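> Protein chains in written order, with this note's numbering: chain Y, 1 to 171; chain U, 1001 to 1548.
Since the hints were made in silico from the structure, they are not lab data.
Since this is a predicted model, take the numbers as computed values, not measurements.
Ideal Cβ placement from N, Cα and C applies to all residues, glycine included.
Take the hints with a grain of salt, since some may be wrong.
Partner residues are not named here, just some residues of chain Y that face chain U (Cβ under 8 Å, in silico) [what the hints assert, rightly or not]:
#  : residue
1  : Gly7
2  : Glu8
3  : Ile9
4  : Ala10
5  : Phe66
6  : Leu69
7  : Tyr113
8  : Gly151
9  : Gly154
10 : Ala156
Footprint (simulated), chain Y over chain U, 3 or more residues, beta carbon under 8 Å [unchecked claim]:
#  : region
11 : 1274 to 1284
12 : 1342 to 1349
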Amino acid sequence: MLLDRTGEIADPWRLITDPPAEGGIADLVLEGPCLLPFAWIGAVKHAPLGAHLPNDTEPAAVGPHFPALDLISIDFPSFADGRGFSIAARLRDLGFRGLLRAHGPLIADQFAYLLECGFDQVWLPPMVAERQPAEMWLAQLGSVTLGYQRGREGRASILEQRLGKKPLACA
Amino acid sequence: MYRYDEFDHRFVRERVGQFRDQVDRRLKGELTEEEFKPLRLMNGLYLQLHAYMLRVAIPYGTLSGRQMRMLAHIAETYDRGYGHFTTRQNIQYNWPKLKDVADILDDLASVEMHAIQTSGNCIRNTTSDPYAGVAPEEIEDPRITAEVIRQWSSLHPEFTFLGRKFKIAVTGSEHDRAAIKVHDIGIQIRRNAAGETGYRILAGGGQGRTPMIGQELRAFLPKADLLPYLEAALRIYNLHGRRDNKFKARIKILVHELGIEEYGRQVEEEFARLDRAAIAAPSAEVARIAAYFAPPDLAPRDPGSLARAKAAHPGFAAWVEQNTYPHRVPGHVAATVSLKPVGGAPGDATADQMRAIADLAERYSRDEMRVTHEQNIVLPHVAEADLFAVYRGLQGAGIDAPNLGLITDIIACPGLDYCGLATARSIPVAQAISTRFADPARQREIGPLAIKISGCINACGHHHVGNIGILGLDKAGVESYQITLGGDATETAALGERTGRGFGFEEVPEVVEKIVDTYLAAREPRETFLQTYRRVGMEPFKEALYAA
Chain Y
1 MLLDRTGEIA DPWRLITDPP AEGGIADLVL EGPCLLPFAW IGAVKHAPLG AHLPNDTEPA
61 AVGPHFPALD LISIDFPSFA DGRGFSIAAR LRDLGFRGLL RAHGPLIADQ FAYLLECGFD
121 QVWLPPMVAE RQPAEMWLAQ LGSVTLGYQR GREGRASILE QRLGKKPLAC A
Chain U
1001 MYRYDEFDHR FVRERVGQFR DQVDRRLKGE LTEEEFKPLR LMNGLYLQLH AYMLRVAIPY
1061 GTLSGRQMRM LAHIAETYDR GYGHFTTRQN IQYNWPKLKD VADILDDLAS VEMHAIQTSG
1121 NCIRNTTSDP YAGVAPEEIE DPRITAEVIR QWSSLHPEFT FLGRKFKIAV TGSEHDRAAI
1181 KVHDIGIQIR RNAAGETGYR ILAGGGQGRT PMIGQELRAF LPKADLLPYL EAALRIYNLH
1241 GRRDNKFKAR IKILVHELGI EEYGRQVEEE FARLDRAAIA APSAEVARIA AYFAPPDLAP
1301 RDPGSLARAK AAHPGFAAWV EQNTYPHRVP GHVAATVSLK PVGGAPGDAT ADQMRAIADL
1361 AERYSRDEMR VTHEQNIVLP HVAEADLFAV YRGLQGAGID APNLGLITDI IACPGLDYCG
1421 LATARSIPVA QAISTRFADP ARQREIGPLA IKISGCINAC GHHHVGNIGI LGLDKAGVES
1481 YQITLGGDAT ETAALGERTG RGFGFEEVPE VVEKIVDTYL AAREPRETFL QTYRRVGMEP
1541 FKEALYAA
C-alpha cells in the first residue's frame, strides 16, 4: 500500500530490483516511472526515474543525481531502524525537491515523524498494511498536533508559536 | 522552577492520549508486541521480572512539593506505597498494572510531569547538577540549558528511533556533580577568554558493558549554537552508529571506532550545512525559560540558634556536618535528605516519606527539591536557622541518616529483586554493607567513599565509577561479585580497575572491610580513599584480598 498525507494513493512507480537477464543495466527496458536500485542510477537514462536507497547510503553521494531523479525511496529494513529519518532530513538539506518515499514495515505512529523529516509518501508491505489501514495512519497524524521542533510540514514549532503568541485552536 | 504554559500542557495531554490509543490498539491486535514495545518504552513502561515498571521523568531532578505529593499519591494508589529514585534523577514504580498506566500519566500531567522518553532508543531525560543555582562557584544555572534540551528532544521527529539510548548531562560548575564524562554527550558551561558564556561539549562517554570516558568534541560552543550543534552530533550518530549489534550501538563505540577527531570533523561539517536559524532556540524563548530559574529571593540570614542546637544534639551536629552544602547566599545551605538508611534499599522512599520531604520543602526550601544521581533528595534553599526544624522533620520520617558521601551512601540498581536483565542481587548487597558499617563515628573516620553496585554488566548502578565498584554476575547459577577500585564520576573521572577474581554474595561485606582496612592503614593525614588509591595503586589491596 502506498499512502501520503491524503490517504491511500495509486502507485505509478515500477520497482525493478533484478538486473536484466542479458546484457548490462543500460540494456534494461524501461517504460513509465521506474524505481531502480541507487547503484544503477548512473548507468541509465530514463524519465521519470526514481532511486531506491539502502539505509547505509551516504546522502552526499546522491546529490549529483538530483537533477535526474523525480523520486528517492529510502529503505527501512525495520521500523525500529531510524537511519532513514536522518537520510531524508539530510537529502532535503542538500536541496532535493522531488518526491521522498519511505519504504518498509513502518508503523502508523511514525507517520508524523516521517513527514516532518521530509518524506512525502510511505510504501508498506501487505502484512503491515493489512493491520494498519490508511485511516489509521491519517488518525495518527492528529494525535500529537504540536512539536518543539520546526519540521518540514510548515508547522511552526512551539518555541516559534510562543513568540508569535498565536492562540491555540480548540482541541 | 519551570512551569508549563498552554503549549507544554497540550503537548503532554496529547501524548497521554496517544499512549492510551496505543495500548488500545495493542489490545485489539492492530499493533504486534514487537511494534508496541518501543512505543511503551518511549513512555517509560518496561516489562520487568514480576510486573510492569513505570519510570517517570523528573527533568534535571527538580520538583516541587505538589509534584512530590503526586508521586506519593501514585505510589499509594497504583503501587505498593513506595517508589525508587534512580541514578538518572527519575523515579520508578515497580508494580503498576498496564490498565492503570494511562491514568497514572494523566495524574502526572496534572502536575506538569510525564514519562516521555524515560526509556527506549531515544534522547533520555537530561540530567544536571543537584546543586544548580546553589553552588557558589557556578557560572550559570545548568537547568536553563537542560530545559531547552528537554523541549528540543521531546518527540524529535528525526531522533526517536536511534540505534540505542542517548543520555545528555549538563553542569554549570567546574566541579562536576552531573557525571558528564560518562554520558553520551556531556555539556559544561564555561567562559571563553573574552568572558562570554558558552559550552564545552564532550562526546562518547558511557558506562554499560564497554565503559568509556567522554572526550572533548568542542572546547567552546557559543550558546546560540547549542541545538544546531546537538542536532548535527545526533544526526552523524544516527546515520553512522552501528546497528548490527545492540551492544555496540551507543555513540561511544562510534566515537571510539572513528576517533574523536574524525567524528568531530563530520559533526562540524554537518553543523556548517544545517539551517541553524530553523533549529536554534530563539533568544527570547531562552530568556523566557531562564526567568523560571531566577534565583529565589533569599536575603542573608543569621544562623540563629544553630550553634546551640548542634551543641545540644550531637546527632544533629553530625547531620549538619555531613549532609549540608554551602549556599551562595550567606546563612543558607543545600541540605541533602539521605535515602540510604542503614539496612534500607538505596533510593527507595515510602509515600509518607515523600510527603514529609514535600512538607519540609514547602516550609523551608522555597517549595523546591532535587533528586540526585546518588539517589538522594536535596532541599536546595534552607536557612541555617531552620535546619534543626528540618532535621526534626526528617527524624520523624526515618530519613535522617548523616551519611552523605560516606561508605553507607551506596548507589545500587534494583538488581535481581526486580529487574529482568539482572544477573545478581544488588539491594541486599548494599543492605549488608551498610549494616556492617552502621556506626556513624566509624563512617566519618573512613571519610568520603562512594560504593556503587550493579546487578549486571549494563551498569545502572554506575559501578565503573564507584571508588569501590561492585558488579554482580552469574557464574554457573551462583552470584559472583567482581570488585573494581579507583572509579570516579567527577571532573577527574576514571574507570575502576578490577581487583581480580570475584567473590560470593556472603563474602562481599568482608571484602569491603578488608579494602577499607587497607586504606586506613596506608592513608596519610586527610587523604581520602580515592587519593590514597591513586597514590599507592592496586597492589596493597590485591595483597589484602587474595594473599592466603
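> Are the hints correct? Go through all of them and say.
The hints, checked one at a time:
Nearest Cβ of chain U to the Cβ of Gly7/Y: about 17 Å, over the 8 Å cut. The hint is violated. For the restraint placing Glu8/Y at the interface with chain U, the shortest Cβ-Cβ distance is roughly 17 Å, beyond the 8 Å limit, so the hint is violated. Residue-level restraint check for Ile9/Y is violated (minimum Cβ-Cβ distance to chain U is 22 Å; threshold 8 Å). Interface restraint check for Ala10/Y: the shortest CB-CB distance to chain U comes to about 25 Å, outside 8 Å, so the restraint is violated.
The interface hint given for Phe66/Y is broken, as the beta carbon of that residue sits about 15 Å from the closest beta carbon of chain U, more than 8 Å. The beta carbon of Leu69/Y is not positioned within 8 Å of any beta carbon in chain U (closest approach about 20 Å), and the interface hint is therefore violated. With a least beta-carbon distance of about 4 Å to chain U, the hint placing Tyr113/Y at the interface is held under the 8 Å criterion. The restraint placing Gly151/Y at the interface with chain U holds, with a minimum CB-CB distance near 6 Å, inside the 8 Å limit.
The closest approach between the C-beta of Gly154/Y and any C-beta of chain U is roughly 12 Å, which is over the 8 Å cut-off, so the hint fails. The restraint placing Ala156/Y at the interface with chain U is violated, with a minimum CB-CB distance near 11 Å, outside the 8 Å limit. Under the rule that three or more residues need a Cβ within less than 8 Å of chain Y, the assignment of the region 1274 to 1284 of chain U holds, with 7 such residues. A count of 0 residues in the region 1342 to 1349 of chain U with a Cβ less than 8 Å from any Cβ of chain Y is obtained; the coverage claim is therefore unmet, three being the minimum.
Hint check: violations occur at hints 1, 2, 3, 4, 5, 6, 9, 10 and 12; the rest are consistent with the structure.
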